[in-house]
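Protein chains in written order, with the working numbering: chain W, 1 to 121; chain E, 122 to 721.
Quick caveat, the hints were computed from the structure, so don't treat them as lab data. Any given hint could turn out to be false.
[As the list claims (entries may be wrong)] Taking lysine to aspartate or glutamate pairs in the DMTMM-like style, the calculated list, with each CA pair at most 20 Å apart, reads:
| id | chain 1 | residue 1 | chain 2 | residue 2 |
| --- | --- | --- | --- | --- |
| 1 | W | Lys61 | W | Glu6 |
| 2 | E | Lys482 | W | Glu72 |
| 3 | E | Lys395 | E | Glu379 |
| 4 | W | Lys12 | E | Asp264 |
Only a predicted model underlies this, so the values are computations on that prediction, with no experimental measurement involved.
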Amino acid sequence: MKSLQELRDMRKRLEKDMTARDDKEMARVIIGMGTCGIAAGARDILKAVTDEINKRDLDVKIVQTGCIGMCEEEPIFDIAKPGEDRITYGNLTPDTARQIIVEHLINNRIDKEHVIARHNN
Amino acid sequence: MSKENIYRSHVLVCTGTGCVSSGARAIKDVFIDELHEKKIEDEVRVVETGCHGFCERGPIAIVYPEGVFYSELKEKDVAEIVEEHLLKGRIVERLLYVDDDKEKVPGYSDIDFYKKQKRIALKNCGRIDPENIDEYIAGGGYDAMGIALTELDQAKVIEMVKDSGLRGRGGGGFPTGLKWSFAAKSPGDKKYVICNADEGDPGAFMDRSILEGDPHKIIEGMAITAYAIGADEGYVYVRAEYPLAIQRLRKAIKDAEEYGLLGNDIFGSGFNFKLNIKEGAGAFVCGEETALMASIEGKRGMPSPRPPYPAVKGLWGKPTNINNVETLANIPFIIQEGPAAFSSLGTEGSPGTKVFALTGKIKNTGLVEVPMGTTLREVIFDIGGGLQENRKFKAVQTGGPSGGCIPEDYLDLPIDYDSLLEVGAMMGSGGMVVMDDNTCMVDVSRFFLNFTQSESCGKCTPCREGTKRMLEILNRITEGEGKSGDIKLLRELAEHIRDTSLCGLGQSAPNPVLSTLQYFENEYIAHIEDEKCPAGVCENLQGAYYVLEDDCIGCGLCRKACPVDAISGKPKEIYTIDSEICISCGVCADKCPKDAIAVG
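Chain W extracted, bound-state conformation:
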């Protein structure tokens, strides 16, 4: 990085890329993979989500994130559909995770039992 300007140009480009990704291209499943999440079974959730997405041949990106603070609710994942708010689900099992993927990603329905909140800022 040769100058602050270079960083800022890069930031603009990245912001644009990511907005483009969020708005048009791809839904994302963001899995909480902090120590608390992993201890609560996040790796099994990751496996189930990956499997479900492959099985249904969906165009979805799976990413990880750290601890959002609600360790009690782990395992947690967020689902972000293009152009929509990120929605957080918690207290997942591999089975409920699969179910939520189908309901939310494909059929656009909220799983009321496991939903926690919407990222609104």
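Place chain E on chain W using the hints.
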């Protein structure tokens, strides 16, 4: 293509009675016609299925492999599904069944857990991918470092941190800007910055979560610190029990180096910075800064007397500045948003926010960040959701083994460095262990003293011998062997250890004992004089169990559960416990459906 071929899609049309009556058979026929017309009838198979239980929205069709659920279909919709979905792979959103629940999902800022939080240090945690430097940059990451390096001189950076009023988040609360100015003023051609991530308090995991969730923020905070004090090399001292934090930090350092955000001549400013990781072996005392530096140098992790302070003679004898993880996580915000934005949060003496790890008998175990000045009640009851099983609150322990227990009377205390000290506890690094009425306070103080006793490095006598003697007394009391005079002796020992130990570990080790003595002396007295443990925790002090005759329904569950056959009686009659045989395990009381077994 033969019929045995694998179809790429299946269309399941519900032909249960409900859907048939709303026209499902016609829908199925139109599907077959349309598929034929588009010449994909060999790729997509139409199947009839039974009822899905969603009859009011019929006719229904589900398209696999995706599992798309189309409802309230009309014949004219089918062509669109075939054309758009089955031919072009685009889901027909208009035909999905959507209830209006999405709008009803509460936002993060509306739910109790987040309503009163203000996230600066934890802003990115749980939001960005910690292993993707691009996400950090897209969110404004490294901009503060760029501003500091290219637009501000060193004195200005220190002044901004001073003006923000930021105090060390590791627990001591020393003003960060002042600490930096000492290291900046120290003459020397080589200086170091260290991030203290040797988080050791039982129940504390603030630093781990920040390193795991937002490692670049720590790199950025450290680089700004290094620039301000004139250092060109840094160490993150992180315990080896945090493998995930180390792994993510390592990747973050590598990525930052690749982007030229670490290394030589960063942003063309002439500033060089190299960052190393030192994995600690997990000794609690290595959180003490002189012991921490000894450990980095490869020596035994033992503290040495100060002065000289690290700012004058630190790592390898060079001027060194040590800050805690959370302290460093606040630095980019202060540079980017300005000191006033920071000092406008919190209280006058303790500006900003503080991260707490909520654990113990609390409903919402987790990590919270609140403005200083928030009350304990707000953190424990509004954010933390209160106690598990709605039990009664007894005390909250803050500051880990160096801190104290705060009773119910002080729940409305606004949290800051000074207020907590006044009530005999301390801020500490942010562990908050909530205790209910089933907790024995003597046992709690024994637990913490046992911890500091095992972690005492043994260098100075008061800590090595004193904590041992205190622990012996506490063990005696909890075993029912307490003597009159024990409380006085505990207080006396505590004062000596506090006043004469070499480092913070020893000086603060008696705090849990002193604070429980201050607020719960009656429990100590009950143990020693009445030979009773009011909370029913200390096994040797359990009274005999007996049946409350008025409440017993004669179900016999207690007799079945008793491991030593101490309970006798016949079904539908009142049972009795033989106190000679009873071992006070309490299983009968747990099993009793009517709470008809008492102890005492």
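Evaluation of the provided hints:
Between W:Lys61 and W:Glu6 the alpha-carbon distance is near 28 Å, which puts this suggested pair outside the 20 Å criterion. Straight-line distance between C-alpha atoms of E:Lys482 and W:Glu72 comes to about 12 Å, which keeps the hinted pair within the 20 Å bound. This hinted pair checks out: E:Lys395 and E:Glu379 have alpha carbons roughly 12 Å apart, not beyond 20 Å. With a C-alpha separation of about 12 Å, the suggested pairing of W:Lys12 with E:Asp264 holds against the 20 Å cut-off.
Hint 1 from the list above is the single one not met by this structure.
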